[in-house]
Amino acid sequence: MRYPLPAEPLASDSLNAGADLVAVSGDKLLGGPQAGIILGTSELIDSLRQNPLCRALRVDKVTLAGLEATLQLYRDPAQALESVPTLRMLGNTPEALGKRCEQLAAELKGLGVGSSIVKSEGRVGGGTYPGVKLPGFALALDGPHGAEALAMHLRNGDPPVIARIVDKRVFIDLRTVLPGQENDLVRRVREASNEGFGS
Numbered sequence: 119m120r121y122p123l124p125a126e127p128l129a130s131d132s133l134n135a136g137a138d139l140v141a142v143s144g145d146k147l148l149g150g151p152q153a154g155i156i157l158g159t160s161e162l163i164d165s166l167r168q169n170p171l172c173r174a175l176r177v178d179k180v181t182l183a184g185l186e187a188t189l190q191l192y193r194d195p196a197q198a199l200e201s202v203p204t205l206r207m208l209g210n211t212p213e214a215l216g217k218r219c220e221q222l223a224a225e226l227k228g229l230g231v232g233s234s235i236v237k238s239e240g241r242v243g244g245g246t247y248p249g250v251k252l253p254g255f256a257l258a259l260d261g262p263h264g265a266e267a268l269a270m271h272l273r274n275g276d277p278p279v280i281a282r283i284v285d286k287r288v289f290i291d292l293r294t295v296l297p298g299q300e301n302d303l304v305r306r307v308r309e310a311s312n313e314g315f316g317s
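For the sequence shown, our numbering begins at 119 and goes up steadily by one.
Just so you know, the hints here were simulated from the structure itself, not pulled from any lab data.
Beta carbons are placed, not taken as given, at the ideal position from N, Cα and C, and that holds for glycine.
Don't take each hint at face value.
FRET-style restraints, in silico, Cβ to Cβ [unchecked claim]: (1) 154 - 305: 49 to 55 Å; (2) 297 - 172: 27 to 33 Å; (3) 168 - 124: 35 to 41 Å; (4) 169 - 266: 37 to 43 Å; (5) 264 - 213: 46 to 52 Å; (6) 312 - 282: 18 to 24 Å; (7) 124 - 221: 29 to 35 Å; (8) 280 - 213: 43 to 49 Å.
Once the Cα atoms are required to be at most 20 Å apart in a straight line, the calculated PhoX-like pairs of lysine-lysine come out as [stated by the list, open to error]: (9) 179 - 237; (10) 217 - 237; (11) 217 - 146.
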């Protein structure tokens, strides 16, 4: 799968170009647990291991197990695309997001909650692609008590729904809603949209 992202050198590209050490994040775009990964020559890696800070900065066994499990997924790109949430989110096409928005808007309408489908731009974020925009669609909601109140009630419920406010409307970007979370999302929007917020 190709992602709508500008070319960025891989860690292996940097090493092949002559870098002695390369540091990458285990979470963010990789989609694993939060950890720093240092790649490079065995001589320099061994030198880093001898540094007294290494003991204080080393990761625990649970983090290592999570990182190993994540990296194993990448051996099969199709499996990684299906199993790593970050890749799944980045791989969502505007068309797929639009269809999901249509389905949820119809379901919300059936419950008496008005929404509309609007073009939206998400952001990748992180250190690698902080300003890169991802075109797509979002559900736009008008709260009975205003956008701020609706967004707050969505955020403070169980489960929390993180939305953004654009032009006094609450936008829910379905790129970050995983398959299987739609029912909870519909329930939370209905609760927060009702006159008594949860009545």
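Enumerate the violated hints, using their earlier numbering and listing them in ascending order.
Those not satisfied are hints 1, 2, 4, 5, 8, 9 and 11.
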